[in-house]
Each structure stands twice: as structure tokens, then as C-alpha cells.
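Enquirer: Work out the full structure, taking the sequences as your base and the hints as a guide.
If you're matching them up, the sequences are chains E and S in order. At position 1 of the first sequence (counting the first as 1) the number is 1 in my numbering, and the numbers step up by one without a gap. In my numbering, each residue's number is its place in the second sequence (first place is 1) plus 1000.
Don't read these hints as lab results, they were simulated from the structure. Among the hints, a few may not be true.
[Unchecked claim] Capping the alpha-carbon separation at 25 Å, the derived lysine to any residue pairs in SDA-like fashion look like this:
#	chain 1	residue 1	chain 2	residue 2
1	E	K70	S	D1146
2	E	K70	S	N1151
3	E	K70	S	R1049
4	E	K47	E	I121
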Amino acid sequence: MKHNAFWYRKNHLSVLIALIFFGLAACQDESDCTTDSTNIVQLEFIKLVNEGRQQPADELDDILVFREGKDTPVERITPNTVGVPLDPTSNSTTVFIFREIGDAATFDTLVLNYQREQALISPDCGPDQRFLGLAVDTARTSFDSLRLREPETSQFPDGANFLIYTCRYEMTDELQLRFNYPANEDTIVDTLIVSRVYSDVGKQENLRLNDSIPENGSLTVTVPVAEEREQIKIFLEIEQDDIPFREVNVLYRRNTFQVPTCLAQDQYQVDSVWMADTTRLFEPEITEELLNINNPTNAQISIR
Amino acid sequence: MLRFLFGSIVFSLLGITSVQAQADDSLNVVGKYEPLALRVGVSLNNLLRTAVRDNDTQYSFQADAVFGRYMLVAEYGRAELSRSSVAENPFTYESQGSFFRFGPDVNLLVNQAKNSFRADGDVIFFGLRFARAQVTDEMTLQTRDDTEDINGNNNAFWPSQEITTQNSNRGVIWLEMTAGMKVQLYRNIFLGYNLRFKFARNFLGDTSLIPYEIPGFGLGENEESFRFDYYLIYQIPFRK
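Expert: Right under this line is the structure:
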């Protein structure tokens, strides 16, 4: 089927006119003034204890955030999150973080660096300024680590921009040994007189001196372990004994423990405990393998 | 919704014309290496905008050399605008810049009456463009601190200050797919439109101020843009 030139002109002109109509409709401005930009950057303080367990928020240290020349601290958004207002006229903001940990206090200087991006949303809505490319200078801080989670501030964030970790390992290099004196038919005295407890570490200093253990009572001895060794001997001198001392052997090992967001720390672990003379001491029991300040006893031994 | 509508129109047009193009594949290609004509056009919507908006000055031109069914197109334009407000969020914004585009068009319309592509007929085309713009702009605004005082007012931590931010000859590049028509009104005078899909917008270098409007592209905050341009075109034929 062939068309003549007139058919084309007429047909094309009508399409052209129709599209002019649609085109004019498309050119109408649609102003959307909503913006989620804000100058508030969120810092979440996370306290890790021992094996990376997060301390409940209400047990966090007291944290106050200030800026230079301003006495009023920044308010908390949640118990462990503060919203730090970035300086909208600069690409860097320095804040001071004051933390109170028990009786001690620390003072950190946090330098937040960022880029600002300005745009005119529309003539009706006015200008907008975004804060993005967040980074931090941790040179003058004592935090264990700081992780950037979201590099742009937002009024409706999914979480904090920075996660700041302060870690407190409760590891120790002191072994807790508990000597029990249970009442039984073999008991010959009401109270054991422990004249001395010492170990073969160092200069064999006294760990306990002139103690006593009543029937059904116990005596806990704190024994420092040595980093360069794997075994320690503890000697127990009992006044009523006919032998010079009773000997307990502890085999332990040291390894490095680290939560990804914290600094590495040494950790000691008890592998086995045994006696040189099995007739005088019962089979020992390991109650807690890890040497930790929260563990009252690592091993207990009953005295016959 | 508008994108869907325009997409439908474009695809309909392309569908109709490609069927026509396929109808006759053994065309008598005239002017394969020598241009048949030069068409020069001026953007009507830019002139209209300049006329009705006091703070806007925009104009753009296009020229295409016709080589048989193909056209080599070059476009150039300039724009100046200023915006300001003294209301709750006061600001001033001024911008000026220019752009150029170039690329090929292909005529999808077969003039079956003449069984050849000719320069003197209507054109339905599809084309590609590489575009580059230069923008110099400046915005003055009042900073805002979202920290509220006990009365709920902002700027409790950092007082509001006036800052000025600017771009100096900031380069912007992008690509375009374009389709449209040119309809002969009278002798060598044509009326035409271009529907443009602009994409892959990139600022050259780091930028702090996002230009409100990039000449030839549209709103600077968008990475893609749809635009219509209407042209009044004069054709200078080189052959009868």
C-alpha cells in the first residue's frame, strides 16, 4: 500500500501536535521539598567485656560530649548513642568526649572529617546541605577501635554512623585454688592449721601464712602464674602433718585472645590439676578453666 | 507514569517506522558521502522560557547535515538563570553555562512514494549523542544546625551563618538517546521535536555544589533525565 506525500504531512503533523501537548505536560516542575539530610552524626558507644559480650546499655560509663567553647554537652539519643552536630560551615568538627569509668576519668579528642555537598532542591524548597564521606581521626583517643558503619548522615538512619568500642577484658594471671576440708570418718582434727602456702614461681614467696581451715571449711589461695612457664607447683604446709608439705601441680597454657574490635590480650587457661601424693589429697576438680577476675575458683581440692 | 507514557509513544513510533524501513531494503541511497542538505534549527521551548521567565535566559541551536538516511547532528546552547528567596530559608543562586552535543541520527521513515530517502521530506529519526556542558554557578545560603534548644528552635549548637559555595567552569558529560520527527511546514521550513533520554551523567572532578540546572541536561541532582525539545528548522538544500 502506497501513501502520497499529503497523507504523510497530515499524519505526521497530528502526531507532532499530540506530542507537543504531552511534552508541555512533562515540563511542569514537581517540587518535592523532603530531605533527609542533617548535620547530626550518630556515635554509638559499645562496651565489650571479656569474650566480646556487649555490656548492657544502662551499665555504660558516663559519657559527655562537648565542643570547644561550648559548656553544654550533646544530648544522648539512646542510652549509648549520642548525636554530635557537625559544623555546617566546615569540613571538620572536633569534639571532646569525657568518660567516667568508676572513679577514673578519660578525656578523648575526636576529629570528625567529612565532605559537604550543597544543592538547590528547588526555588520553592530552598537549598539543602548533605554531610557525607565521614571519616575520623583517632590519633588522640583511647578507644579500642572505631568502625564506620554509615558514611552519610541521615535524619532517618538505620543505625549509628560510627560504632566506638571500648573493651574491658577481665583476664588475669592469677589462679584461684580452693582447698576444702570436708568432715568425714578419716578426719582426725577439728581444724587444720596451714602454716604456709607457696609456689615454685619466682622466689617462693608466701601465698598464705598461718591460716586455718575448720572442718567443712575452705581456704582459697591466689597463685600468680608465670608467662614463660606452662606448669606450676603449689606447696601446702600443714602443721598437723607428718610430712613437710603437700604438693599440687597445675598445668596451664597461655594464648592470645582478641575480639575483632578490641586490642589483643593474653589469656590463661587451666588444662589439668593433679597431686604428687594422692593419699593426702582428693582428686581435684577444675571448676573454671579461664583465669578471669569474675571466676572465684579455678580448681578445688579436698584435704584428707 | 510520564516515563511510561513517553516510553510507549517512542516504542510505538519506532515500531511503526521500523516496519516501514524494512519494507524496502534495497534503497537508492542518495548522498551517501556528500550532504544532501544542511538543516539549521532553533529551540522553541528555550526561546519561550526566555520570554516568559524574567530570570532565565536560554537558547540552543542544532544543525544536521543529511547523508542519505543518516544525519550528522551538532547542537550548541547557552543558559543563564538566577533564583533567590528571602523567606524562611533565604538563599541566592546564580548560574551560567553552555553545552554542546553531537552524534548521528538515522531516518527511519521510508518515503515509499519516491522509494528513496530524500532530504526534502519528513523525518522520523533515532539518534545518539555525546554531550558536554560547562557550568559556573554560585549559591549563598544560611547554614542549619538540627540541634534544637528547649524551645524547639534549631541552631542550638552551631549558630546559623551565611556561606557561599560555587563551581567555576565545572564540566559535566552525559549520553543521550534521542528520537523525534521533523515535519515540513512550508517549502524549506520544518517543525520538529526531539524526545531525549539523558543518562550516565558525570561531573568532571569533585564538586561541592550540585548545579541546580545543567545547560542542555536538566536538573543537576538527577543522573537521568527525559526532555522534549521543539525546533523550528530551516533547510538549505544542496541538491534538487
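Enquirer: Hint by hint, say whether it matches the structure.
Expert: Hint by hint, here is what the structure shows:
1. K70/E - D1146/S: holds, 16 Å
2. K70/E - N1151/S: Roughly 19 Å between the alpha carbons, so the hint for K70/E and N1151/S holds.
3. K70/E - R1049/S: violated, 50 Å
4. K47/E - I121/E: violated, 41 Å
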